[in-house]
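Go ahead and model the full structure; you've got the sequences and the hints to work with.
Heads up: the sequence lines are chains G and Z, in that order. Taking my numbering, the leading residue of the first sequence gets 1, the next gets one more, and so forth. Taking my numbering, the leading residue of the second sequence gets 1001, the next gets one more, and so forth.
Some clues are possibly wrong.
Unchecked claim - Under the rule of at most 16 Å between Cα atoms (straight-line distance), these lysine to aspartate or glutamate pairs were calculated in the EDC-like manner:
1. K1152/Z x D1121/Z
2. K188/G x D121/G
3. K1152/Z x E228/G
4. K188/G x E174/G
5. K1152/Z x D1180/Z
6. K1152/Z x E160/G
7. K188/G x D202/G
8. K152/G x E1160/Z
9. K152/G x E1228/Z
Stated by the list, open to error - Covered stretches of chain G, going by a simulated chain Z footprint (3 or more residues, C-beta under 8 Å):
10. 168-178
11. 209-219
Unchecked claim - Here are a few chain G residues that face chain Z, going by a calculated C-beta distance under 7 Å:
12. I147
13. Q153
14. Q161
15. T165
16. T192
17. G194
18. V197
19. M230
20. D231
21. R232
Think of the hints as simulated: they come from the structure by calculation, not from any bench. Note that the Cβ used here is the ideal one computed from N, Cα and C, for glycine as well.
Protein chains: 2
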Amino acid sequence: MAQNIYDDATFFAGYSQLPRQVHGLAAAPEWPALRAMLPDLTGKRIVDLGCGFGWFARWAREHGAASVLGLDISDNMIGRARATTQDQAIEYRMADLDAFDLPEMSFELAYSSLAFHYIEDFARLVRTVHRALVPGGHFVFSIEHPIYMAAKQPGWMTHEQGHRTWPVDHYASEGERHTDWIASGVLKFHRTLGTTVNTLIDTGFVLRHLEEFAPTREQVAQCPELVEEMDRPLMLLMAAQRNGTYES
Amino acid sequence: MAQNIYDDATFFAGYSQLPRQVHGLAAAPEWPALRAMLPDLTGKRIVDLGCGFGWFARWAREHGAASVLGLDISDNMIGRARATTQDQAIEYRMADLDAFDLPEMSFELAYSSLAFHYIEDFARLVRTVHRALVPGGHFVFSIEHPIYMAAKQPGWMTHEQGHRTWPVDHYASEGERHTDWIASGVLKFHRTLGTTVNTLIDTGFVLRHLEEFAPTREQVAQCPELVEEMDRPLMLLMAAQRNGTYES
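Here you go:
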């Protein structure tokens, strides 16, 4: 079972203040890149894995989606998400992505933003999503990049030549990583990029795009601290498609 | 044009002493993993991009390949490779992989070991390989991993907590990297993993497998210094297939 740090009061209070939680998708620097990887949403039934406050669900409905099912492990999140919409085509449900199930061939798009690094059994999750998608259905998600997650002690170092550098070690040692982010002892699961890609392929997905998010020049001009993402990627964005010729 | 460091006398002398040049494929720790990504070679026409001394070409012929065309930028390499075989179905030719051409739909497998990080125009190379393969044809290669190549000053660092760590910086800044390996000033070209993957996909390849080589327990027992590869990957192995239903 995934750790539910989101229902820890301290964590939730801090998390709720993050720009992307207050201001939504537009405050997430990777959103334009992730959005560009989405198919046309018109008429699509969407499942959002780790939906948080429901920013994506509402956006998707404004952009033609037929329906959105938002899943999240956090009672707090689901409560807040439900309070933000009257839309009958959006449904929110509590679910542990390490143990959830979905009806077969019921969605044209599975979407997830920065949730899968909390999941221990990624292969199970990918099988569940594969079954839940129609043939040709899309799977678009972001996840913390393994370069960012691998190290025993992640965090900037100063090279003896004076420049900022990011440590990578224990890269091939997959599994638990404990970090302090908003609250202490947040539990994440590191997987190599190879494992993430091969799990998709071996389950029957065709990889469409893989992006290691780096900011544009304009984004750095507006938000100078984003320049760090040029030195090492924090986020990995992926688009895949369920095998099959049916294009919904 | 790619730098031809291999015809530098000092470099060539040092390079020729590497275990994998003296003892062949069996001395390359990643070989079992790369071999497992190859299709059945029976009857296949193969092109080997950066063939070096021809170890793979000879092995492929022993394993059923119909023919092997080995390309290399180095006169020294090609000379040595030609001297090691009488096999009429193996041909060696000098070629700069930044400017070469191949006949259309003439190969069932394109193979390359640790050559593409010397290539500036990877997109051109991938288009050339795509055209040269029959539909359904395989493309299997290894390349230095971008985690290994990215940093301004690659090389192990000691974390303040005492453990070995590898620096990653300038990851999103693709292009030239100058390193000292055997000789000084070896010119390589860093590309993100995303660029390598997307170039294949956008050219019409389907990604089949992506492996960030890490040694097995047995390999580390036999060769303890390989344990470093658990901390950060040095090599990226990839298998892709030209779109199309024809299976040769």
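Against the structure, the hints:
no., hint, verdict
1, K1152/Z x D1121/Z, "violated, 21 Å"
2, K188/G x D121/G, "holds, 12 Å"
3, K1152/Z x E228/G, "holds, 15 Å"
4, K188/G x E174/G, "holds, 11 Å"
5, K1152/Z x D1180/Z, "holds, 12 Å"
6, K1152/Z x E160/G, "holds, 12 Å"
7, K188/G x D202/G, "violated, 23 Å"
8, K152/G x E1160/Z, "holds, 12 Å"
9, K152/G x E1228/Z, "holds, 15 Å"
10, 168-178, "holds (count 6)"
11, 209-219, "holds (count 5)"
12, I147, "holds, 6 Å"
13, Q153, "holds, 6 Å"
14, Q161, "holds, 6 Å"
15, T165, "holds, 4 Å"
16, T192, "holds, 5 Å"
17, G194, "holds, 5 Å"
18, V197, "holds, 5 Å"
19, M230, "holds, 5 Å"
20, D231, "holds, 4 Å"
21, R232, "holds, 5 Å"
Of the hints listed earlier, those the structure fails to meet are numbers 1 and 7, in rising order.
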